[in-house]
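Asker: Start from the sequences and build out the full structure, keeping to the hints where you can.
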Amino acid sequence: MQTLTKLWYLEQFDVFKVLSKSQLNEVAETSIHKPYKKDDPIMFPFNSQKTIYLLKDGCVKVGNYTENGEENLKYLLNSGNIFGEMALADGNSTDFVVAAENCTVCTLHMDVIERIMSKNKAFNRAMYKLIGLRLRKVEFQIAQIIYKDSTTRIIEFLQELGRDFGKNKENGLIVKKFLTNTEIGKLTFTSRQTVSSVLNRLKRNGNIDYNDRVIKILDLQNV
1 MQTLTKLWYL
11 EQFDVFKVLS
21 KSQLNEVAET
31 SIHKPYKKDD
41 PIMFPFNSQK
51 TIYLLKDGCV
61 KVGNYTENGE
71 ENLKYLLNSG
81 NIFGEMALAD
91 GNSTDFVVAA
101 ENCTVCTLHM
111 DVIERIMSKN
121 KAFNRAMYKL
131 IGLRLRKVEF
141 QIAQIIYKDS
151 TTRIIEFLQE
161 LGRDFGKNKE
171 NGLIVKKFLT
181 NTEIGKLTFT
191 SRQTVSSVLN
201 RLKRNGNIDY
211 NDRVIKILDL
221 QNV
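Taking the numbering used here, the leading residue of the sequence shown gets 1, the next gets one more, and so forth.
There may be inaccurate statements among the hints.
[What the hints assert, rightly or not] Calculated cross-link-like contacts (lysine-lysine; reagent style PhoX-like; alpha-carbon spacing at most 25 angstroms):
1. LYS56 / LYS176
2. LYS216 / LYS177
3. LYS74 / LYS50
4. LYS167 / LYS216
5. LYS6 / LYS17
6. LYS74 / LYS38
7. LYS21 / LYS50
8. LYS6 / LYS121
9. LYS74 / LYS34
10. LYS21 / LYS129
11. LYS21 / LYS34
Quick caveat, the hints were computed from the structure, so don't treat them as lab data.
Being a predicted model, the structure only gives us computed values, none of them experimental.
Answerer: Pasting the structure below:
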């Protein structure tokens, strides 16, 4: 990919708008754009490659592993998001990232980012603000588990799915069904059986419709 195209792409991210032209060029010249297929691993725990990732298109799943080695899914990211930045906070990140569907990712060298952060205070603040927002997202999830029942968590997850990934069609939002009920269960801290039960009830009540390919969100405001 030509440097001019890389520059244009980086400029779409607010966090890079505080960089000088030469700093932006430095990031662009060392960036690599790579396609991934559904279920391909993108980032491994502890981010040993010391890389920051920009999601150009598609969707990814972010998670970690429990002490027993079980997979724990934390959240989804859609195009235009950054991940791997938590390694800036403590040098490590226990998260892994997997392609939820076919996607394209831009990788940036951590040492380049850290060098520019040391010279550009506005960029330094922007990166740590990003880390703070990510931590607040995790805190919000914890609050969801404590204060909301499983049905509410699933319904609010579907609402968020519609906002982030839905396409407006006649009478509702269409979302490509790239998650299994087991994965939805992990993302909402519920069981696969509970997810199936709630989805079936919402379908019977006319709140959603779905098949193997898509979920159609009709009305989740009046459940």
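Asker: Does each hint fit the structure? Answer for all of them.
Answerer: Status of the hints after comparison with the structure:
1. LYS56 / LYS176: Between LYS56 and LYS176 the Cα gap is close to 18 angstroms, so the pair holds against 25 angstroms.
2. LYS216 / LYS177: Roughly 10 angstroms between the alpha carbons, so the hint for LYS216 and LYS177 holds.
3. LYS74 / LYS50: Cα-Cα ~21 angstroms, so holds.
4. LYS167 / LYS216: Within the cut-off at roughly 9 angstroms; holds.
5. LYS6 / LYS17: 14 angstroms, holds
6. LYS74 / LYS38: 18 angstroms, holds
7. LYS21 / LYS50: Holds. LYS21 to LYS50 sits at ~24 angstroms (cutoff 25 angstroms).
8. LYS6 / LYS121: Holds, because 23 angstroms separates the two Cα atoms, which is no more than 25 angstroms.
9. LYS74 / LYS34: 24 angstroms, holds
10. LYS21 / LYS129: Distance of about 22 angstroms is within 25 angstroms: holds.
11. LYS21 / LYS34: Distance ~24 angstroms between LYS21 and LYS34 Cα, so the pair holds.
Hint compliance for this structure: every hint is met.
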